[in-house]
Structure formats: C-alpha cells, structure tokens
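Put together the whole structure using the sequences plus the hints.
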Amino acid sequence: MEFLKEIEEILNRYPDRQGALLPSLYVAQKEYGWLSQESYEAVAQALNLPPATVKGVATFYAMYKHKPMGRHLIQLCTNVACMVMGAERLVDLLKNKYGLEPGGTTEDGRFSLVIMECIGACDKAPAMLVDTDFHADLNEKRIIEILESYK
Amino acid sequence: MIELTIDGKKIQARKGMTILDVARENNIYIPHLCWDRRLKPYGGCRLCLVEVEGQRKLMAACSTPADNGMVVHTDTPTLRKARKTVLELLLVHHPLDCPICDKAGECALQDLAYKYGPSEGRFYAERKHEPEATSALIDRNPNRCILCGRCVRVCWEHQGVGAINLIGRGFNTKISPAFEETLDCEFCGQCVDACPVGALGAKPYKYRARAWFLESHDSICPYCSVGCTLTLDLREGKILRVRGVDGKGVNQGDLCGKGRFGFDFIYGESRLKTPLVRKNGELKEVSWEEALYYVAERLKAVLKDYGPNSIGAIGSARASLEDNYMLQKFIREVIGTDNIDTSARLGYAWALKGMEETYGIKLNPIKLESPIGKEVVLVLESDLTSTHPIFGLKFLEAKNEGSHLMVVEPRRTKLARRSSEWLRIKPGTGTAYILGLINFAIKEGVHLKKEMEIEGLDELSNAVAEFTPEKVAELTGLDKERFIESARRFINAESRLIALTVGAAENQKGIETVKAAANLLMLLGEGPDALQVPADYSNTYGAWLMGLRPMNGGKDLYTMLYEPGALKALYVMGEDPLVTMPDAGRIEETFKRLELLIVQDIRLSETAKMADVVLPAASWAEKEGTFINAQGIPQPVPKVVSPTGDSIPDWQILRNIARVMEHDLGVIEFSALKEEIAKVAADSGQQRWRLVPVEYDLTEKPDNEYPIVMVTGNIMQHSGALSVMSKSLSHVLSDAFVQVSPEDAERFGVEDGGFIKIASRKGEVFIKARVSDEVPEGMLFVPVHFAHARVNMLTTASPEGRAHLTAVRIEPKG
Ligand code: SF4
Ligand code: SF4
Ligand code: SF4
Ligand code: FES
Numbered sequence: 002m003e004f005l006k007e008i009e010e011i012l013n014r015y016p017d018r019q020g021a022l023l024p025s026l027y028v029a030q031k032e033y034g035w036l037s038q039e040s041y042e043a044v045a046q047a048l049n050l051p052p053a054t055v056k057g058v059a060t061f062y063a064m065y066k067h068k069p070m071g072r073h074l075i076q077l078c079t080n081v082a083c084m085v086m087g088a089e090r091l092v093d094l095l096k097n098k099y100g101l102e103p104g105g106t107t108e109d110g111r112f113s114l115v116i117m118e119c120i121g122a123c124d125k126a127p128a129m130l131v132d133t134d135f136h137a138d139l140n141e142k143r144i145i146e147i148l149e150s151y152k
Numbered sequence: 007m008i009e010l011t012i013d014g015k016k017i018q019a020r021k022g023m024t025i026l027d028v029a030r031e032n033n034i035y036i037p038h039l040c041w042d043r044r045l046k047p048y049g050g051c052r053l054c055l056v057e058v059e060g061q062r063k064l065m066a067a068c069s070t071p072a073d074n075g076m077v078v079h080t081d082t083p084t085l086r087k088a089r090k091t092v093l094e095l096l097l098v099h100h101p102l103d104c105p106i107c108d109k110a111g112e113c114a115l116q117d118l119a120y121k122y123g124p125s126e127g128r129f130y131a132e133r134k135h136e137p138e139a140t141s142a143l144i145d146r147n148p149n150r151c152i153l154c155g156r157c158v159r160v161c162w163e164h165q166g167v168g169a170i171n172l173i174g175r176g177f178n179t180k181i182s183p184a185f186e187e188t189l190d191c192e193f194c195g196q197c198v199d200a201c202p203v204g205a206l207g208a209k210p211y212k213y214r215a216r217a218w219f220l221e222s223h224d225s226i227c228p229y230c231s232v233g234c235t236l237t238l239d240l241r242e243g244k245i246l247r248v249r250g251v252d253g254k255g256v257n258q259g260d261l262c263g264k265g266r267f268g269f270d271f272i273y274g275e276s277r278l279k280t281p282l283v284r285k286n287g288e289l290k291e292v293s294w295e296e297a298l299y300y301v302a303e304r305l306k307a308v309l310k311d312y313g314p315n316s317i318g319a320i321g322s323a324r325a326s327l328e329d330n331y332m333l334q335k336f337i338r339e340v341i342g343t344d345n346i347d348t349s350a351r352l353g354y355a356w357a358l359k360g361m362e363e364t365y366g367i368k369l370n371p372i373k374l375e376s377p378i379g380k381e382v383v384l385v386l387e388s389d390l391t392s393t394h395p396i397f398g399l400k401f402l403e404a405k406n407e408g409s410h411l412m413v414v415e416p417r418r419t420k421l422a423r424r425s426s427e428w429l430r431i432k433p434g435t436g437t438a439y440i441l442g443l444i445n446f447a448i449k450e451g452v453h454l455k456k457e458m459e460i461e462g463l464d465e466l467s468n469a470v471a472e473f474t475p476e477k478v479a480e481l482t483g484l485d486k487e488r489f490i491e492s493a494r495r496f497i498n499a500e501s502r503l504i505a506l507t508v509g510a511a512e513n514q515k516g517i518e519t520v521k522a523a524a525n526l527l528m529l530l531g532e533g534p535d536a537l538q539v540p541a542d543y544s545n546t547y548g549a550w551l552m553g554l555r556p557m558n559g560g561k562d563l564y565t566m567l568y569e570p571g572a573l574k575a576l577y578v579m580g581e582d583p584l585v586t587m588p589d590a591g592r593i594e595e596t597f598k599r600l601e602l603l604i605v606q607d608i609r610l611s612e613t614a615k616m617a618d619v620v621l622p623a624a625s626w627a628e629k630e631g632t633f634i635n636a637q638g639i640p641q642p643v644p645k646v647v648s649p650t651g652d653s654i655p656d657w658q659i660l661r662n663i664a665r666v667m668e669h670d671l672g673v674i675e676f677s678a679l680k681e682e683i684a685k686v687a688a689d690s691g692q693q694r695w696r697l698v699p700v701e702y703d704l705t706e707k708p709d710n711e712y713p714i715v716m717v718t719g720n721i722m723q724h725s726g727a728l729s730v731m732s733k734s735l736s737h738v739l740s741d742a743f744v745q746v747s748p749e750d751a752e753r754f755g756v757e758d759g760g761f762i763k764i765a766s767r768k769g770e771v772f773i774k775a776r777v778s779d780e781v782p783e784g785m786l787f788v789p790v791h792f793a794h795a796r797v798n799m800l801t802t803a804s805p806e807g808r809a810h811l812t813a814v815r816i817e818p819k820g
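Residue numbers (my numbering), protein chains in the order written: chain B, 2 to 152; chain R, 7 to 820.
In case anyone wonders, no lab produced these hints; they're calculated from the structure.
The structure presented is a predicted model; accordingly, all values stated were derived computationally and were not measured.
Misleading hints may appear alongside valid ones.
Claimed, not checked - Mimicking DSBU-like on lysine-lysine, the simulated pairs with C-alpha atoms at most 30 Å apart in a straight line are:
| # | chain 1 | residue 1 | chain 2 | residue 2 |
| --- | --- | --- | --- | --- |
| 1 | R | 180 | B | 68 |
| 2 | R | 733 | R | 763 |
| 3 | B | 6 | R | 405 |
| 4 | B | 68 | R | 134 |
| 5 | B | 125 | B | 6 |
| 6 | R | 310 | R | 598 |
| 7 | B | 31 | R | 180 |
| 8 | R | 134 | B | 66 |
| 9 | B | 66 | R | 405 |
| 10 | R | 180 | R | 212 |
| 11 | R | 486 | B | 6 |
Printed below as a string of structure tokens:
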C-alpha cells in the first residue's frame, strides 16, 4: 500500500499518467528489488497504462535494474580517465575479493556490479556510485574500505 | 496564414502545420517512414530531412513547424546523400528477404532503397529474433522491423490499446507485447496497415499472393453502420485481404477487426448453394424452378385460406437497399399486407421514436466527427468502440484533443479505461443517472438562464423530482458527491454531447434512455445534434428508409415473432431471429405454429433449419447494392466475386417469385430498381421541442432467487450472427462465454474457464465462464453471437421498447 501511496503522490506532481511513469518505475524498483514482470504489471495497473507501454519505456533506460540485483549496486566507471587512473585494476580486485564479475552479483547477494559509462568525475578518477552515494579518488585500499561499510 | 517557399515555389500555409504537412498539401514529395497522419510528430526515422535556409542542421520535415518566410529545399545533393546514409543504416540489419516477404512490391523501405540506393552497405549485422508464431491474425517478424514505432503509436495513441511496444534499446530492440506473450488484443490490424515494411502482416494473407498480382476494388464494410470503405485485394477472383487506405472513405483509412478480417464469411462452410425444400420432414436440395413454384403455391394457398394479413416478412439490417426495397414491394404489392419489419424494431426504432417524441424529428443521422471539440462528451452505458469501432475512435480522439470524456458504464470498456472520468454505475441505471442530471439541472435553474420556453417543463420536473442526488447514488451505486461533481461539470460545460446505442442485441437501454437524454439536452438548450445514437448494422438505416416497417397499421416484429398464431406464413430474409433476438423459446413456438416459414439467407441459419423452404441468396461482394450508413450516406457496394453455388441476389429471388405468382413487379434490371429507389423520399420530420416525462423502472429486478443482472450485447470481434461465419474472426474467438466478476465467482464457486449454469425465470443454459473484473459484482455480460450457447433462451423482449435486463442466478455445472 506504501507503493500505491507513493505513486499517487507522484501522479499529483505530473500533468498526465505517462509523465509519471519514469519516477513510478523507481518506486517499483525499490518495492520489488528490480523491474520484474510483477513490478511492470503493478506500475501498469497503478498508472492505468498498458504493460507494453510500461515495459517499452523502462527497457529503453539502462539505469533501471533489469534483473535481480544484490542489496547494494556498485556502478564503477571504466571510461578513459578512470581507466588511465587504474579502474581496471579495481574491477579485477572486486573479482578476486568478492567473486564479483561486471554485470554479476555476489553469491551472498550483497553486491552487484555494473560498469558505468562516464560518471562526470574525471578530475577525481577513478570514481563509482554505490547505490546513490558517490565515491571518488579510489584506489585498491580505499575501495575495499568503502565497500566494507555496506553490509 | 503564413507564406513560405518550398523548392522555389511560394506557398500559403496555416499556422501550426509542419513542413511535411505543407509539402503534402501541395504535392511536393518528401520521403517519410515514421510519420503517420493520425499521430503526433515523432521524428524517428530521419528520412524526411530537408534543408532550411539559415539553419545549419538538416531539419526533419515531419516535426518542424512551417514558419513565415521559411525557404525550404526538399531535394538537394546533400539531402540525397543524407537519405542514402539513413537508408544504409536501416539496411544494416534488415534481412533483405524480399523474395519471401509478403510486403515486397508495396514496401516503403524497398521503394526508398530503389529510389536512393543502395541495397547494400558498408556495415553488416544480423538480428536473430524468432518470428512470432502463436498469435492469431497478426504475423510478426521482428527481424524486418525498422523501429519506426508506427505500429506502437497507432495501437496506443490512436486505438487506445497499447498491446505492443518497442522492447529493449539499441540494436536489440524488438517489437513485441510486454512479455513476449501471445498477442491478446483487439485484433484491429491497424498496426499491420501502419507498418511500412514486412515486419507486421495479416496472417490469413501470408504467402497468398505477390502484391503486384493483386486486383483492388473499394467496397463498403458489411458489419456495422459506420460504413467504412474497405479496399479488397483479389487474386484469381478471390478476396485475399482487406486494407484501409489512408484518407479513403468515411473512415479515412481506419478499420476495425471485423471489417479487416471478417470478409471471409462469404467463404464460410455453411454457405447455401442450392434451394432447399422440406420433404418428409427433411430439407432436400431442389432446383430453383421447383423451389419457386413451391413458394408461390404455398403462399397462394395461405392467401386464399387466411388472407393477406396472415402473412408477414422480416427484412435484413445487413441486406442492401435494393434487396430490402424489393422485399417490402413484394409484401405490399404481391401479398398485399403491411406486416413487415426488421431487427431495428428491437433497438434503433426506439431511439427514433424517443427522438420524435422529444425533438419532433423522425431521423437523426449521426456525425462521425461530432465528439471532436466538445467540452464534455458523455458516453452512456454503451461500448461504442466495440459496436461502432471507428466511431468509437473519435471519442478517444476528442479526449486526446482536450475533451472531458465521461463514461457512465458498469463495464470496464476501452472507453472507460481511457476516459477522463469513469462513473461505474450498476447495470441498467444509466437512465436513472440522466434523470438525476435533469433534476439537478432544474434545481440549479439552468434552464432559466437559457431563457427558453419548452413545453412540458412542469410535468418533467415533477416526474424527475424523486431523482435527488441521494436517490441516484442509491440506484446507481455512485458516490453522491461524485454524482454532483459530474452533474455540475456536464451542466456547466460550454458544449456537450451524449452518445449511446440502443442496439437490437442490447438489453440495458430503451426508449426511456433516449427520452431522458433528449430531455436533458433540450433543457440545456442543445439540439438533436448533441444526441448521437448510431443505427446498428451496415444497412439498418437504409432498411428503415426503405419502409421495412409497418407504415399502415401492419403487424410489427413483436407481434410477428412473439405472438404465436398471429401469422400463418412468415418470410424471413437475411435474419436469424432464433440466435440474435431475445426470448428464443417464444420465437421457436411461433415458428412451430406457422404453416409456412420461408427463409432466404446466405447460409443455413438456425432459423433456416426450421423452415419449409430455404432460398440461397448471393452475399455481400457477390452482388451490387447500396448501404446507407449511420450518417445517412448512401454508399455503393460493388460486385467483385461470383456468387456461391446457385445463389442469386435477394431482389432477384423476390422478382422471380412474383413472376411465378403472375405478378409483374415492373423491375427487371438492377438499374431500374435503383431508379425506383431514388424516388423514395425520406421524411425526417420537423423539429418541435417537447419535454416529456420519463418513467424509470428496471423491468426485471434481481431478487434472492435471481440475484444477478445479465446484460447482453455485441463484442469487439463479433457483430450479430454474421461474423461467426468468418474463419479469421472465429480464430480469435469462437467460443461462447459469459463474463463473471471475481466477487460473484467466489461467491458462487465459479472457476475461470469452467462451465456454469445460468438460470433465469425463462429457462437455463450452460456456458463457459470468464472471470473478469471488466464486470462489476452483481452483473454478467454475455455476447449474443454464438448459436450453440442459446443465451437468448433466458431473455425477454420488451414490446414497449424499454430496457429489459434479465435477472439470473449462476452455479457451477455439477
Ligand atoms: S491488432 Fe490492433 S490492438 Fe492488436 S497490436 Fe495491432 S494495433 Fe494493437
Ligand atoms: S513493426 Fe513495422 S511499424 Fe512497427 S516499429 Fe517495426 S517497422 Fe515500424
Ligand atoms: S467500424 Fe464498422 S464499418 Fe468500419 S470496419 Fe469496423 S465493422 Fe466495418
Ligand atoms: S518521417 Fe520525419 S523522422 Fe520519420
């Protein structure tokens, strides 16, 4: 019911139902963990839109969770600046330390890793997002310290 | 007005037009793939790029507004190069399987590649989606899709369905229903016509012909009264498919599933090929000669023994003007009686009568565009997008353009889903809702502000006094405040419209509904144009004009069918009362009491099975004729295929019988018949406004024994008894069913897909249940099309023309 209430609030802020779709998908993602069929159907029903419209819009955007994900989502940039500053070594480190592959999830469901295109923080490369928190100036020591604070 | 220059030509244009609109209006060619007249500009394909002087970028003509002083070039070396590159990119992953693609020869991509070249590019990639195989009627091959999105937008923006979308992004994007499931949509096929390439096709047409071998003829749809223009594509004398052509006909190219896929009823297995005469209790094939003499002798015998008024006839709302005209001429001149009627008696006749009693007019053709631009549009207990699909689309269009669409309706119809405001009332209480509005309007003194004097105000205000908001809330199940809010909105609007149907297959509305609506509109100063009630079928309106009704005190359909013994002989042309009309048990009894039942039809209908003689008629597309649509527009229906078996046009059968009966009807040729018909004058009456009190009372009230209300009607894919002959339409839906609400399903132990018994005070039938929240608690909805279900054994007819809901109870089949 929390879910419907949140969507109702979003609806009040937009001129029409289709406009409320993108933020509603975030609500669904929070509720269902990822954008499952169930979540599409729930959003479709709540917004009175066809499921095909909901899914068509959702799958156009790469930043939604299109498959089940761990409790925390690491989005690590490996574009030019981050790569030069050693982001690839960090990718290897995550693989060795947590068994975490790009696009994968740790076995205990703690972390998922997505390789992200430029995060817009080249001056502090390498950089990443963990859930919605921003972390920059990463190195092998710092990244583990940071991640260990996410349980 | 603005002025711009395109390719050196000075052109006047209206503000708000895009460059492409202006170019099209002036016959200047700009290629386009994703543009569609009916849809908002999309700018997806980039083929319509043009050069605009002073702009550094190339501009998409379909989404750039034309502006004063603009100088546009549509064909330059730069543009040709740009278009070539766009095509090259579209062709990167296009399979180029043109030799086995049904679209070849009429494919926009093929034509553009031919025009701009090349068919090969510098890049190569392949998509390997499986073509979709399980859906009915719509063939989907995502590999051929160029992602123009026209199908998606037509389905959602224009049809209000949204069954398919572009799923995914980038290279892997795929045209599909949300979860790749089998398509479960309206099957209108509008996406097929919209697709510029061979990604979407009509399954019944798959691998049937190369486009360049087809021969095309325009005709008029035989189903509903919208009267859409169908473009029939034939090969070797057989209709293979139907298309809508943009801009053509009253429908401007739009079609519904019935019109697009339902044409194959003419190839139905049950088509009659020879006349049949009952011998020793069985219908036996005979020659025309034998049949004609048989009919003539038997009719003469009845005439001699009982006189002309013992004979009656029922015409057809789907037969042409000419056929119907000839039937009444035969009945009036050869037999000498006024006993003639059609199915319109059960519905449309009451709409007309209601309008005559109020507005004083005898005819009120609809206007397809009527909802557009109205501030408030009220659709009253009518599933317009199912019964009159293309008229129904206009209500969505009106809403898209800013009208407030109020849908007063118990069922979750498409219009209810897409409305601005859905007032979910209890079935059959739409009339009460309107009476409530009248009472409210009088209390608010709205009519006083209009400074009008209409006779009957006092009587009306007394009659509606009891319909206070409290009472309306109680009757309809609406919240009182919501009712008041909706009443205010309707009454205070600058412009408004009420649309409803009074269909022969429906039982929740009647003359009182029409009168209530007319009263309300008159009070608000609105003329009959604000009340849109379409006739039912392709020629309901025409048959009415041709005098297919008692005009001189003859027996009407109620007397002829529901008073056993009222007639000795009945001539039924192109109608199947046993399936399409209520209270089938009674009709059967009447038929049994007849001495002579003559049925003239295109197939062996249920009624024909009881006949003494059955005469095979040529069908739509097998003969020339005329239909008059709900707008009152006569439209010619050409002969494009040869008649099935020995069948001949209805009017010729009647002419021949008259001859055998030694009565010359004076009509030998079709042209002579047409000339005679042209002289028939339509009497549309004189406007004279009168407010008339309306009684509201549910004829059958639910009680403890029969706690549920059963509503009957037409559905999207079927219409009367004709569409069930179509293989294509039956592919979508061939099984009779009844919709049961989840609440009632739980209460009465009904399972989705399980058989249930429905019992009314008249009888009981067994039928498959579909549990669906489309219907509210306490209501069943059952389509009337399926002969084997015999749901009309449960229903009653109302000779007073009132709503005639049926109270029933349900239980699982034990
Ligand atoms: S057939 Fe009609 S409803 Fe079905 S997907 Fe195509 S456009 Fe949509
Ligand atoms: S299926 Fe046809 S209409 Fe639909 S997006 Fe693809 S190419 Fe366009
Ligand atoms: S809307 Fe009516 S006339 Fe038009 S295609 Fe459909 S059934 Fe035929
Ligand atoms: S027609 Fe203009 S971008 Fe497609």
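Quick rundown of the hints versus the structure:
1. 180(R) with 68(B): 18 Å, holds
2. 733(R) with 763(R): Between residue 733(R) and residue 763(R) the Cα gap is close to 28 Å, so the pair holds against 30 Å.
3. 6(B) with 405(R): 27 Å, holds
4. 68(B) with 134(R): 22 Å, holds
5. 125(B) with 6(B): It is violated: about 39 Å lies between the C-alpha atoms, which goes past 30 Å.
6. 310(R) with 598(R): Roughly 21 Å separates the two Cα atoms, so the pair holds.
7. 31(B) with 180(R): Status holds; Cα separation ~27 Å.
8. 134(R) with 66(B): 25 Å, holds
9. 66(B) with 405(R): 35 Å, violated
10. 180(R) with 212(R): 21 Å, holds
11. 486(R) with 6(B): Holds, at about 25 Å.
Figure legend: structure checked against the earlier numbered hints; hints not met, in rising order: 5 and 9.
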